[in-house]
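Residue strings, one per chain:
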Amino acid sequence: MIYVNDLGIKFKMEKRRRSGALAFLLERSRNWRRPTGEFWALRHVSFTVERGETVGIIGSNGSGKSTLLRVVAGVYPPDEGKVSVDGEVSTLFGLGTGFNAELSGRDNIYLDGIMMGLTKNQIDGIIDAITGFAELGDFIDMPVRTYSSGMRARLGFAIAIRADKDIVLIDEIMGAGDVAFRQKAMVEMNRIMGEKTVLLVSHAMSTIEQFANKVIWLNKGVLAAMGEPKEVIQQYLAASKVKKAPTIIE
Amino acid sequence: MKAENKNKILGFLWSFLNPLLLLLTYIVLMQIIFRRGGPQFPILLFIALLSWTWFASSLGRSITSITSKVGLIQSVRFPLAILPLSGIIIGFFDWLFGFVILLPMLFIFEASFTVNILWLPLLLLIESIGIVGTCLIFAVLGTYLSDLSNIITFAIRIGFYLSPILYAVKDTVPERLTTLYMILNPFAGLLESYKNVVVLGLPPNEYALVGMAVSFVVFVVGLWYFSRNEYRLVKAI
Numbered sequence: 000m001i002y003v004n005d006l007g008i009k010f011k012m013e014k015r016r017r018s019g020a021l022a023f024l025l026e027r028s029r030n031w032r033r034p035t036g037e038f039w040a041l042r043h044v045s046f047t048v049e050r051g052e053t054v055g056i057i058g059s060n061g062s063g064k065s066t067l068l069r070v071v072a073g074v075y076p077p078d079e080g081k082v083s084v085d086g087e088v089s090t091l092f093g094l095g096t097g098f099n100a101e102l103s104g105r106d107n108i109y110l111d112g113i114m115m116g117l118t119k120n121q122i123d124g125i126i127d128a129i130t131g132f133a134e135l136g137d138f139i140d141m142p143v144r145t146y147s148s149g150m151r152a153r154l155g156f157a158i159a160i161r162a163d164k165d166i167v168l169i170d171e172i173m174g175a176g177d178v179a180f181r182q183k184a185m186v187e188m189n190r191i192m193g194e195k196t197v198l199l200v201s202h203a204m205s206t207i208e209q210f211a212n213k214v215i216w217l218n219k220g221v222l223a224a225m226g227e228p229k230e231v232i233q234q235y236l237a238a239s240k241v242k243k244a245p246t247i248i249e
Numbered sequence: 000m001k002a003e004n005k006n007k008i009l010g011f012l013w014s015f016l017n018p019l020l021l022l023l024t025y026i027v028l029m030q031i032i033f034r035r036g037g038p039q040f041p042i043l044l045f046i047a048l049l050s051w052t053w054f055a056s057s058l059g060r061s062i063t064s065i066t067s068k069v070g071l072i073q074s075v076r077f078p079l080a081i082l083p084l085s086g087i088i089i090g091f092f093d094w095l096f097g098f099v100i101l102l103p104m105l106f107i108f109e110a111s112f113t114v115n116i117l118w119l120p121l122l123l124l125i126e127s128i129g130i131v132g133t134c135l136i137f138a139v140l141g142t143y144l145s146d147l148s149n150i151i152t153f154a155i156r157i158g159f160y161l162s163p164i165l166y167a168v169k170d171t172v173p174e175r176l177t178t179l180y181m182i183l184n185p186f187a188g189l190l191e192s193y194k195n196v197v198v199l200g201l202p203p204n205e206y207a208l209v210g211m212a213v214s215f216v217v218f219v220v221g222l223w224y225f226s227r228n229e230y231r232l233v234k235a236i
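Sequences listed follow chains C and H, in order.
Using numbering that gives the first Met the number 0, you'd call the opening residue of the first sequence number 0 and step up by one each time.
Using numbering that gives the first Met the number 0, you'd call the opening residue of the second sequence number 0 and step up by one each time.
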C-alpha cells in the first residue's frame with residue numbers, strides 16, 4: 000500500500016545549482032546572499048494506492064510525475080506532508096539510467112539487484128529468468144555501452160519485473176523495444192497486475208487505459224484529478240486542448 | 000561496486016604496473032639524475048608512494064563519486080556514502096597489490112625486519128580513518144562545486160612534494176622547523192612511520208600521533224558533514 004498525504008517536494012531554483020568554486024567565491028564576495036528561489040515540484044498531493052492496484056500517472060512535461068515516482072522509491076524525502084510505502088520497491092526509470100556502461104549486462108543485473116536489496120543468492124536464483132526474458136543472447140556478457148536503447152530497455156524491464164518486489168514503479172518505458180518484446184512486456188504486465196502494486200508513468204494514453212484501474216493527473220505539481228482512467232484522461236486531453244489522443248501505431 | 004578495475008585482466012595488470020612505472024620514474028629521477036638517496040631509496044620511496052597514492056587516488060575519485068552516478072542515485076534509495084567508500088576500497092586493493100610487489104624488494108634491498116613491522120596495521124587503520132573522513136567531505140563539496148576536481152588535482156600534486164615521499168624529513172627539513180613541518184603536514188608523520196616500520200625496522204615516528212589526531216577529527220567531521228548533506232545532495236545533482 001502506498002499512502003501519500005499532503006506531499007510537498009521543494010527544489011532550489013538557482014541559475015546553476017552546481018557552480019564552480021571560483022565563481023562561488025566571486026559571487027559570495029560581491030553579495031553575501033545569492034539570489035535564490037524555490038519552486039515546488041509537488042505540493043499538496045494526497046492519494047492512496049491499495050495493494051494490487053495499477054495506477055497510471057499522466058500530465059504534461061515537468062508536472063512532477065517522475066518526481067512523484069522518486070518520492071515513492073524513497074529517493075527524495077518529502078519536504079512537506081507524509082509518505083508511507085508498505086512493501087519493497089523495484090524501479091524502472093528511463094532507459095537503464097542506473098546501468099554502469101562499462102559492466103556487462105550480467106554484472107549490471109547483480110549490481111541492480113544488490114542496490115534493490117537482494118542478496119547474491121537471490122539474484123543467482125532469478126538471473127536465468129531475467130536473461131531469458133530480456134533475450135539479449137550473447138550481448139548479456141558485453142558491456143552495456145554496446146547496447147541499443149531497445150536492449151537497455153529490455154534488460155531494465157526484465158530486472159524490474161523479475162526482482163519480485165511488491166511495488167513496481169515504471170517511468171515511460173513501454174514505448175521502447177521492438178514489437179515482439181512489447182507484446183511480451185504486455186503479457187508480463189497483465190500477469191503482475193492484481194498481484195503487485197504498479198505505478199505507471201506514460202504519455203501513451205492507450206497504455207494507461209489498457210493497464211490502469213485508476214489514473215492520477217498531475218498539473219504543475221498539483222493533483223488535478225484522480226479516478227476512473229477514461230474520465231481523467233478525457234479531462235487531461237481537454238485541458239491540453241487535444242481533441243483526440245494521438246494515435247500510437249502499435 | 001567492483002566497477003573500476005573491471006576491464007578484467009588488463010585492469011588487474013595495470014594495478015601492478017602503475018605503481019611500478021611511477022616508482023621507476025622517480026628512481027631514475029632521484030638516483031640517476033640528482034644522485035640522491037641511499038641504497039635503500041627504492042623501497043623507502045615505494046612504501047611512501049603506495050600510502051600516498053592510496054590517499055590521493057581515493058580523494059580524486061571521491062570528488063566525482065556522486066555526480067558520476069546520477070542515474071543510479073535517482074532511481075534507487077541507498078546510502079550515498081557507499082560511492083566514495085567504494086573508491087577508497089579500490090585504492091586499498093591497489094595498496095595491497097603494490098605491497099605484494101614490495102615484499103621481494105624488501106629482501107633484495109636488505110630492509111631490516113624487526114618486531115616493529117607489527118605497527119603496520121595500526122598505521123593503515125589511522126590512514127584509512129583519515130581517508131574516509133576526507134573523502135566524505137570532498138564527495139559533498141565536489142558535488143556542489145563543479146571545478147573542484149581541477150583545484151584538487153593541483154593540490155594533490157603540491158601535497159606530493161610537500162610530503163616526505165621523495166625525501167626523508169631528517170635530511171631535508173631544517174631541524175628547528177621539523178616540529179612546525181610535522182604539525183602543518185599531518186600526513187608527514189605517518190609517511191615517516193611507514194618507512195620506519197617497513198624498511199628501517201624502527202618504531203613509528205612520534206609525529207604519527209599528529210596524523211592520528213587529525214585523522215580522527217576529520218573522520219568525525221566527515222561523517223557529520225556527509226550525513227547532514229546526504230539528502231540535499233540527491234536534489235542538487
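If you are wondering where the hints come from, they were derived from the structure by calculation, not from laboratory data.
Quick caveat: nothing in here was measured; it's all calculated off a predicted structure.
There's no promise every hint is true.
Computed cross-link-like contacts, SDA-like style, restricted to lysine to any residue with a CA-CA straight-line distance of at most 20 Å [what the hints assert, rightly or not]: (1) H/K234 x C/A203; (2) C/K164 x C/T145; (3) C/K11 x H/V209; (4) C/K9 x H/K169; (5) H/K68 x C/I113; (6) H/K234 x C/K164; (7) C/K164 x H/I236; (8) C/K81 x C/A100; (9) H/K68 x C/G73; (10) H/K68 x C/T145; (11) C/K11 x H/I236; (12) H/K169 x H/V209; (13) H/K234 x C/R190; (14) C/K240 x C/A203; (15) H/K234 x C/T145; (16) C/K81 x H/Y230; (17) H/K169 x H/Q30; (18) H/K234 x C/K229; (19) C/K11 x H/Q30; (20) C/K119 x H/R76; (21) C/K9 x C/I113; (22) C/K11 x H/T24.
Example chain H residues on the side facing chain C (calculated, C-beta under 8 Å, incomplete) [unchecked claim]: (23) P78; (24) N115; (25) L161; (26) L222.
Note that the Cβ used here is the ideal one computed from N, Cα and C, for glycine as well.
**Item:** Broken hints, by number
**Value:** Numbers 1, 2, 3, 4, 6, 7, 8, 13, 15, 18, 19, 21, 22, 23, 24, 25 and 26 - these are the hints that the structure violates, sorted from lowest upward.
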